[in-house]
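Please build the complete structure, drawing on both the sequences and the hints.
Chains X and D, in that order, give the protein sequences. Quick note on the working numbering: the first sequence kicks off at 1 and runs consecutively. Quick note on the working numbering: the second sequence kicks off at 1 and runs consecutively.
In short, the hints are calculated from the structure, not lab data. Model, not experiment: these values are computed from the prediction. Hints are supplied without guarantee of correctness; some may be wrong.
Computed beta-carbon distance windows for the label pairs [stated by the list, open to error]: (1) Ala101(D) to Pro352(X): 49 to 55 Å; (2) Leu285(D) to Arg348(X): 50 to 56 Å; (3) Pro352(X) to Leu254(D): 26 to 32 Å; (4) Glu282(D) to Thr407(X): 33 to 39 Å; (5) Phe173(D) to Asp406(X): 24 to 30 Å; (6) Gly47(X) to Ala85(D): 49 to 55 Å.
Okay, derived cross-link-like pairs now, SDA-like style, lysine to any residue, Cα gap no bigger than 20 Å in a straight line [to be verified]: (7) Lys197(X) to Ile160(D); (8) Lys195(X) to Asn128(D); (9) Lys195(X) to Gly134(D); (10) Lys198(X) to Gly126(D); (11) Lys485(X) to Asn128(D); (12) Lys198(X) to Phe295(D); (13) Lys286(X) to Ser240(X); (14) Lys198(X) to Arg293(D); (15) Lys198(X) to Arg117(D); (16) Lys485(X) to Phe334(D); (17) Lys198(X) to Leu196(D); (18) Lys485(X) to Ser408(X); (19) Lys440(X) to Val285(X); (20) Lys195(X) to Phe295(D); (21) Lys415(X) to Arg249(D); (22) Lys415(X) to Gly134(D); (23) Lys198(X) to Glu245(D); (24) Lys485(X) to Leu223(D); (25) Lys195(X) to Phe163(D); (26) Lys198(X) to Gly191(D); (27) Lys198(X) to Gln252(D); (28) Lys197(X) to Gly157(D); (29) Lys197(X) to Phe334(D); (30) Lys197(X) to Trp186(D); (31) Lys197(X) to Ser240(X).
Built from N, CA and C at the ideal position, the CB exists for glycine as well.
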Amino acid sequence: MSDLMLSRRRMLGAGALGAGALAMPAWARGADLHGGMIRHGFDEVSGRDIALTIGEGHRLVQGRSGHAVAVNGSIPGPLVRLREGEPVRIAVTNTLDEDSSIHWHGLLLPFQYDGVPGISFPGIRPGETFVYDIPALRQSGTYWWHSHSGLQEQSGHYGPIVVEPAAADPVQADRDYVLLLSEFTPLHPHTIMDKLKKGEGYFNYQQTSWTDDYPLSAEDRRMWGHMRMMATDILDVTGSTYTYLANGRGPEEGMEYLFTPGERVRLRIINGSAMTFFNVRIPGVKFWVVAADGQNVRPVEVEEFQIGTAETYDIIVEPTGEAQTIVAESMDRSGMAVATLASRPGARASVPALRDPPLLTMADMGMNHGDMAGMDHSAMDHAAMGHDVPAEEMSDMDMGGMNMRDTSLLPPDVKVGPGIDMVSMNPLDRMGDPGLGLDKVPHKVLTYKDLVALVPNDDLRRPSRQMEIHLTGSMERYMWSFDGKKFTAVSDDPIRFAYNERVRVKLVNDTMMAHPIHLHGHFFELVNGAPADRQPQKHTVIVQPGGSATFDLTADEEGDWAFHCHLLYHMHSGMFQIVTVAPRGSEPDVQRVGED
Amino acid sequence: MRVLAVMLLASATTPAFAQDHSGHSMPPAKPDAQTECEQEVAAHRAMGHAVPKGSCPPDTPAEHMGMDHSQMDHSQMDHSAMGAAPIPQTPPPAAAGSGPARAADAIWGAEAMRTSREALVRENGGMNVLWLQGDRLEYRAREGHDGYLWDVQGYYGGDIDKFWFKSEGEGTFGEEAESAEIQGLWSHAIGPWFDLQTGIRQDLTGPERTYAVLGVQGLAPYLFEVDAAAFLSNKGDLTARVEAELDQRITQRLILQPRAEANLSAQDVPELGIGAGLSSMELGLRLRYEFAREFAPYVGVEQEWKLGGSADYARLAGEQTGVTNYLAGIRFWF
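Have a look at this one:
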């Protein structure tokens, strides 16, 4: 078994192939990164003590250059390899002239080492070194790390984490690779924020026009205009400025994973982007999804999945032939990241063209009537209602009779104001949805309802209470918030849980955008129809437009934790809150399944 | 090696008890997150039917808290569909508030945390934005002497409250400006699409006038950009101006913009050549090409009319009452 581990580790190192293997990187020689050129791809760091240095420099991606922030001189920064059951000390030195930080996304640890300035710790000042003293790790799997200061994450301040299991890994493979998806832009992130605030649809060059090919009738177009919204509003920042990256490399820069035909390849896919949902597929190849957000799931065979910002999926693929292309297409189909599974260096398969951009539908407006079993159908005129009719075919509907912003549907703790431009009329559970634009593809696409935990969960208590959190926004003003209140309004009023309290949380999306919602320091269980003991554990959940998603949370990590939309500019606009878990005090621990 | 390398498909190791109810063919129990009743009510509301609040008693927190369960008619509930009693939407228990207000203060010290906490608020919704736009900066070719026009605006502030600045004016080359004004306004968001604006307008040409301004600016249904304001002058005269623009994308960068402006007056203002009622109208059409969103040259045509009393004043002064302008200009913002 140990031989196997060694072999797997060696293979993982090979993931950096094409990086131009520098024997001694600049940061290791103590060189100043100022003015230096940042490398693509990552090295690996491991052991009891790990040192990371945050610096800045220039970046060149497919001929486009820009200023960037890099850790240990590369983007992505080094793969931090840890081991379950072992503690680690990570010393992070900040050589920037502004504050910085590292958040360990998905790791269970004491809150003061979670890495969010203003919540967990004061941040790392210029020139300072902060030591994250992390006790024995309580988990294994695929995670990632990134800055939680300013908008540094967009500039390149992120990298992968792999925690090796203490026991044998139930997922066995011949090759073990990391595929970290992200974006490059020559624009400063503050410029992007500024443009989003000022210019509605600034980055969207796929808008409806007199000359577009969208299957929209004149009536549909009038309806969207009447709502003052755009059917093409899929992603806020697009391929018009982003070059999509696979391990830091643009689609033409040849990211390559070697395999020998007949081998099983594990790909640890991390969405480390700032603003992009990706549709990931290997055209013509079926693969198994074996882990979500670092937690093993029963293998699900699919041909494609959508990965929200900050999510991770591990897949197992058995590539055949000389080469297979891995395509990570941005959800709005304005660009893609590309990598190749290659049986020999330089082998390539064809890269498919971008598919047609998707449009928002009735369901994304919160008007999907869904399953109405038990209702008195006799009194309804389905044709007039547009039952199950997508937006492009709903010209029969009288939009004049629809109120897209009926604030009386909102619970009283939601603050109604300029920050809410829409209220979902019927926020159905959409965890069975494959994601925007993937409902009509002719192959199996992963949904949250396919995820079943591999091992039973250890807290089978029924939640003692349920709470509802509304995701709210105003596209025209680019305001984003929870319950209509930006973080500025609730920074002294966190969401509170008692220690070990088990709560069912329903997230209702009153916007037409999908939001990946992340809770720090915990895993929650998706209430996705899986048996109670097998609800899959995640740290980030996508809430589909106009719909809802529900999770069960055992609040057993005391302290203050960030809770936010992981779309960077949504968070920066106010879609952020603090979750406070009360100290354990003298409360008895809860009897967990499997404990004596 | 090969045997070891074969992936141990997890299902094979799954305990039998867990597989009993894992059958994928079985329809999953309806999640409690939204009961059938709630779904039904929501669907009815979506269709415009009036359904009173609290029609689904078990999940409505207010009713639930003080509810006497003994008087509920359980026979009407379909427990098999719901799985079990619904989870109550109650406030957090007292123990949830038992901790310190700021957990990190105890570890790093309140003083050390203060700066970063302030930065956190600033960086998550507390930003201010500075915007300047030249909506129309144009050369106006017409019969007789050609002219010029500027129409610029900008703001500085947060999402809800802003300082808004506007200036517009026009004239004929080689002559003194016909009109020039500047406005300083407090702008307050009153909904997702509209701001209420109030402040001062100062005219810089002709008889000196200062006005109090009250108006609304924003995005109307069908994406019309609307700016409507009433002006009360220091002489007691009340006038108003309504402007509307609509961007029609021909391609992603070529945009046709119809524009209309109407000026109204509550009374004759002979000094300014304004007659009561609808005093003037402008209809324009501008075709711009966005080399960048921020920079777009345009060409266009605009027709101006003086109407009613204003037209009479113009004739008396020997001026035309209608003018056609052929336009070339730039639109920019930053």
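Taking the hints in turn, this is what the structure says about them:
Distance hint check: the CB atoms of Ala101(D) and Pro352(X) are about 54 Å apart, consistent with the given range 49 to 55 Å. The supplied range of 50 to 56 Å is met by Leu285(D) and Arg348(X), whose beta-carbon atoms lie about 51 Å from each other. Evaluation of the 26 to 32 Å hint for Pro352(X) and Leu254(D) yields a pass: the beta carbon distance comes to about 30 Å. Checking the proposed 33 to 39 Å range against Glu282(D) and Thr407(X) shows it holds: the Cβ atoms sit about 37 Å from each other.
With their beta carbons about 54 Å apart, Phe173(D) and Asp406(X) fall outside the hinted range of 24 to 30 Å. In this structure the hint that Gly47(X) and Ala85(D) lie 49 to 55 Å apart at CB holds, the actual value being about 52 Å. Distance check on the hinted pair: Lys197(X) and Ile160(D) sit about 13 Å apart at the alpha-carbon level, within 20 Å; holds. Taken as a hint, the Lys195(X) and Asn128(D) pair is honoured in the structure, with Cα atoms around 13 Å apart against an allowance of 20 Å.
Annotation: proposed proximity of Lys195(X) to Gly134(D) holds, straight-line Cα distance about 16 Å (limit 20 Å). Restraint check: the Cα-Cα separation between Lys198(X) and Gly126(D) comes to about 16 Å, which is no more than 20 Å; the hinted pair holds. Proposed proximity of Lys485(X) and Asn128(D) is supported: the alpha carbons are some 17 Å apart, at most 20 Å. About 14 Å separates the Cα atoms of Lys198(X) and Phe295(D), which keeps this hinted pair within 20 Å; it holds.
Distance restraint check for Lys286(X) and Ser240(X): the Cα-Cα separation of roughly 31 Å exceeds the 20 Å cut-off, and the hinted pair is therefore not satisfied. With a CA separation close to 11 Å, the supplied pair Lys198(X) and Arg293(D) stays within the 20 Å bound. Between the alpha carbons of Lys198(X) and Arg117(D) the distance comes to roughly 27 Å, so the proposed pair goes past 20 Å and is violated. Taking the CA atoms of Lys485(X) and Phe334(D), the gap is near 28 Å; set against the 20 Å cutoff, the hint is violated.
Taking the CA atoms of Lys198(X) and Leu196(D), the gap is about 18 Å. The hint holds against a cut of 20 Å. Restraint check: the Cα-Cα separation between Lys485(X) and Ser408(X) comes to about 17 Å, which is no more than 20 Å; the hinted pair holds. Distance check on the hinted pair: Lys440(X) and Val285(X) sit about 18 Å apart at the alpha-carbon level, within 20 Å; holds. This hinted pair checks out: Lys195(X) and Phe295(D) have alpha carbons roughly 13 Å apart, not beyond 20 Å.
Taking the CA atoms of Lys415(X) and Arg249(D), the gap is near 35 Å; set against the 20 Å cutoff, the hint is violated. A hinted pair counts as satisfied when its Cα atoms are at most 20 Å apart, and Lys415(X) with Gly134(D) does not qualify at roughly 35 Å. Restraint check for Lys198(X) and Glu245(D): satisfied, since their Cα atoms lie roughly 17 Å apart, inside the 20 Å limit. In summary, the hint linking Lys485(X) to Leu223(D) is not supported, as the alpha carbons are separated by about 26 Å, beyond the 20 Å threshold.
Distance check on the hinted pair: Lys195(X) and Phe163(D) sit about 19 Å apart at the alpha-carbon level, within 20 Å; holds. The suggested pairing of Lys198(X) with Gly191(D) holds, with an alpha-carbon distance near 17 Å, which does not exceed 20 Å. Taking the CA atoms of Lys198(X) and Gln252(D), the gap is near 18 Å; set against the 20 Å cutoff, the hint holds. The straight-line distance between the Cα atoms of Lys197(X) and Gly157(D) is roughly 11 Å, inside the 20 Å bound, and the hint therefore holds.
Annotation: proposed proximity of Lys197(X) to Phe334(D) holds, straight-line Cα distance about 11 Å (limit 20 Å). Between Lys197(X) and Trp186(D), the direct Cα distance comes to roughly 19 Å. Compliance with the 20 Å bound is thereby established for this hinted pair. Of the supplied pair hints, the one linking Lys197(X) and Ser240(X) holds, its CA atoms being roughly 17 Å apart against a limit of 20 Å.
Going through the hint list in order, the structure does not satisfy hints 5, 13, 15, 16, 21, 22, 24.
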